[in-house]
Amino acid sequence: MAEIIDLVLLGMLAITAFNIIFIKDLFTVVMLFGIYSFLSALIFVNLDAVDVAFTEAAVGAGISTVLMLGTLALTGRKEKASSHKTILPLLVVCVTGAALIYGTLDMPLFGDPDNPAHQHVAPRYIEDSPQEIGIPNMVTSVLASYRAFDTLGETAVVFAAAIGVLSLLGLPKRDRATIQSGLKSHLVLRVVAKMIIPLIVLFALYVQFHGDYGPGGGFQAGVIAAAALILYALVFGLPMATHVVPPRVLKALAALGVLIYAGTGVVSLFLSANFLDYSVLAEDPVAGQHIGIIAIELGVGITVFAAMLCIFYAFAGQTERKNIQ
Amino acid sequence: MIEIISSVFLIVGAFFSLTGAVGIFKFPDFFTRVHAASVTDSISTILIIFGLILRTDFDLVAVKLLFILIFMLLTSPTASHALAKSARHGGLLTLAETRSDKKVGDD
Amino acid sequence: MLVLSATCIAILSVMALALARALKADTVYDRILGVNMFGTKTALFIALMGFLSGRPDFLDIAIVYALINFLGMIAVLRFFEYTAGDENQEQEK
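Chains as they are written, first to last, in our numbering: chain A, 1 to 325; chain B, 1 to 107; chain C, 1 to 93.
Derived by calculation from the structure, the hints in this document are not laboratory data. Among the hints, a few may not be true.
Below are the DMTMM-like pairs computed for lysine to aspartate or glutamate, each with C-alpha atoms no more than 20 Å apart in a straight line [said to hold, decoys possible]: (1) A/Lys184 - C/Asp57; (2) C/Lys24 - A/Asp6; (3) A/Lys322 - C/Glu81; (4) B/Lys26 - B/Glu97; (5) B/Lys85 - C/Glu81; (6) A/Lys78 - A/Asp25; (7) A/Lys78 - C/Glu81; (8) A/Lys24 - A/Asp114; (9) B/Lys26 - C/Glu81; (10) A/Lys251 - A/Asp106; (11) A/Lys184 - A/Glu320; (12) A/Lys78 - C/Asp26; (13) B/Lys85 - C/Asp26; (14) A/Lys24 - C/Asp26; (15) C/Lys24 - A/Glu79; (16) B/Lys85 - B/Glu97; (17) C/Lys24 - B/Glu97; (18) B/Lys85 - B/Asp29; (19) A/Lys80 - A/Asp25.
Selected chain C positions facing chain A (Cβ under 7 Å, derived; list incomplete) [stated by the list, open to error]: (20) Leu19; (21) Val64; (22) Gly72.
Every residue, glycine too, gets a C-beta built ideally from N, C-alpha and C.
This is chain A alone, in the form it adopts within the complex (with noise of 0.2 Å):
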């Protein structure tokens, strides 16, 4: 059944593909590039990766819709008829193509146990992290203490994406609460938004504190929060969002997200360990390897938060300049 559910769903994604090459219209491709990010998400919960499936839903298929076609907003929606000659790109890619499937002659087969991947250092996290660190969720804890310093860094591009998109867009003015956006006429839609909105929050906290024990943490945490603000900001006028999270907020809250994760490093370097080892923050190891967890999960939740909300104001605030222009 997992098979055929497989086949179905690559072959869904290779039509899917197909399409948003040829189509023009540039509105059409957003919305076909969400469906690609859900099949691709499915084929990902499908292979039981159910961490990853949850951050690419969340941010593939959510944050990046809106922000495609916030970006369309500024831009226009018809691509430009390309002018140059297509044989040559198509030769190349056909080539590079080729060898990508030639280059897949030489690799393990897909499942196999004795595959490099399960040989190297899984069987080590799997074997010892309950001993060691004592949570279920096995990725939460390869990525939150294993690989911590991994993770610290992808934080660390999380916030330097949201400096570099600040420092291109700038974020909108706070003062400009009189302008009427959102959606006004659509009434219904604002009752049922204001009702949706804090189940979304609670989601997010849920997420954000379960991610020890089910799939979730910081990150799509972070996602998902911002996605309860983005829908607030869509519905009810960017105005209003910035008045219940104003800008300034936003930036100290990035950088407090990398700080407490890097702070977390710090203080274990001072209690004697190495930098992130979580150990030595309570009197039993697997209760300090806790409590680091749940430090740095929140410190990854509140710069991914920041920083997605970030990114959306600058380009809504962008759009609305325009429109008033």
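Could you slot chains B and C onto chain A? The hints should help.
Using the frame of chain A, we list chains B and C on its own:
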């Protein structure tokens, strides 16, 4: 017994969602198509989620399913309504209106 | 088990039909309708798949799907409210 009831719920739900999928191809104008899609969406969500709840041990999983049900029952009709309203706002006509327009034009 | 598989296949075919509608549509609204239907059916499909493979923790993802689908719909509609006016003006010119 519960298994049989759950199976009936699931099969009827699947049947309704299939009729919805046929509906978005076969109905003549956009507003009837929205109608087909949104009504069958709601009923098949209710039936399938209830069918699944009967298969749980009525623990946290059932609560989560209930949460999904509430969420989808709030959002899905709202999205359809907003879409239909936006289409109306954007100047899309129903089939009857298109026909009567033509008649006026012929006269 | 058989019933679950059958329901899964039915939902999968509904998803395929919705995708076909999204790819080949008369108006943009039909396209959005197809995308929306695809999203809601995906959430149901994940819930079913969790039961089929005996891992109901998948349900968290079904919630995210339902949520993100709604967000996407609202974003698309908002985009439309803003740009539809521009297009009409272009056509008038």
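Hint check results:
1. A/Lys184 - C/Asp57: violated (38 Å)
2. C/Lys24 - A/Asp6: Status violated; Cα separation ~24 Å.
3. A/Lys322 - C/Glu81: Within the cut-off at roughly 15 Å; holds.
4. B/Lys26 - B/Glu97: With Cα atoms ~19 Å apart, B/Lys26 and B/Glu97 stay inside 20 Å; holds.
5. B/Lys85 - C/Glu81: Roughly 11 Å between the alpha carbons, so the hint for B/Lys85 and C/Glu81 holds.
6. A/Lys78 - A/Asp25: holds (5 Å)
7. A/Lys78 - C/Glu81: holds (17 Å)
8. A/Lys24 - A/Asp114: violated (46 Å)
9. B/Lys26 - C/Glu81: Violated, because 28 Å separates the two Cα atoms, which is more than 20 Å.
10. A/Lys251 - A/Asp106: violated (48 Å)
11. A/Lys184 - A/Glu320: holds (15 Å)
12. A/Lys78 - C/Asp26: Measuring from Cα to Cα gives roughly 18 Å; hence the hint holds.
13. B/Lys85 - C/Asp26: holds (18 Å)
14. A/Lys24 - C/Asp26: holds (16 Å)
15. C/Lys24 - A/Glu79: Holds: C/Lys24 and A/Glu79 sit about 19 Å apart, inside 20 Å.
16. B/Lys85 - B/Glu97: holds (16 Å)
17. C/Lys24 - B/Glu97: violated (24 Å)
18. B/Lys85 - B/Asp29: Distance ~15 Å between B/Lys85 and B/Asp29 Cα, so the pair holds.
19. A/Lys80 - A/Asp25: With Cα atoms ~10 Å apart, A/Lys80 and A/Asp25 stay inside 20 Å; holds.
20. Leu19: Interface hint status for C/Leu19: holds (6 Å vs cutoff 7 Å).
21. Val64: holds (5 Å)
22. Gly72: holds (5 Å)
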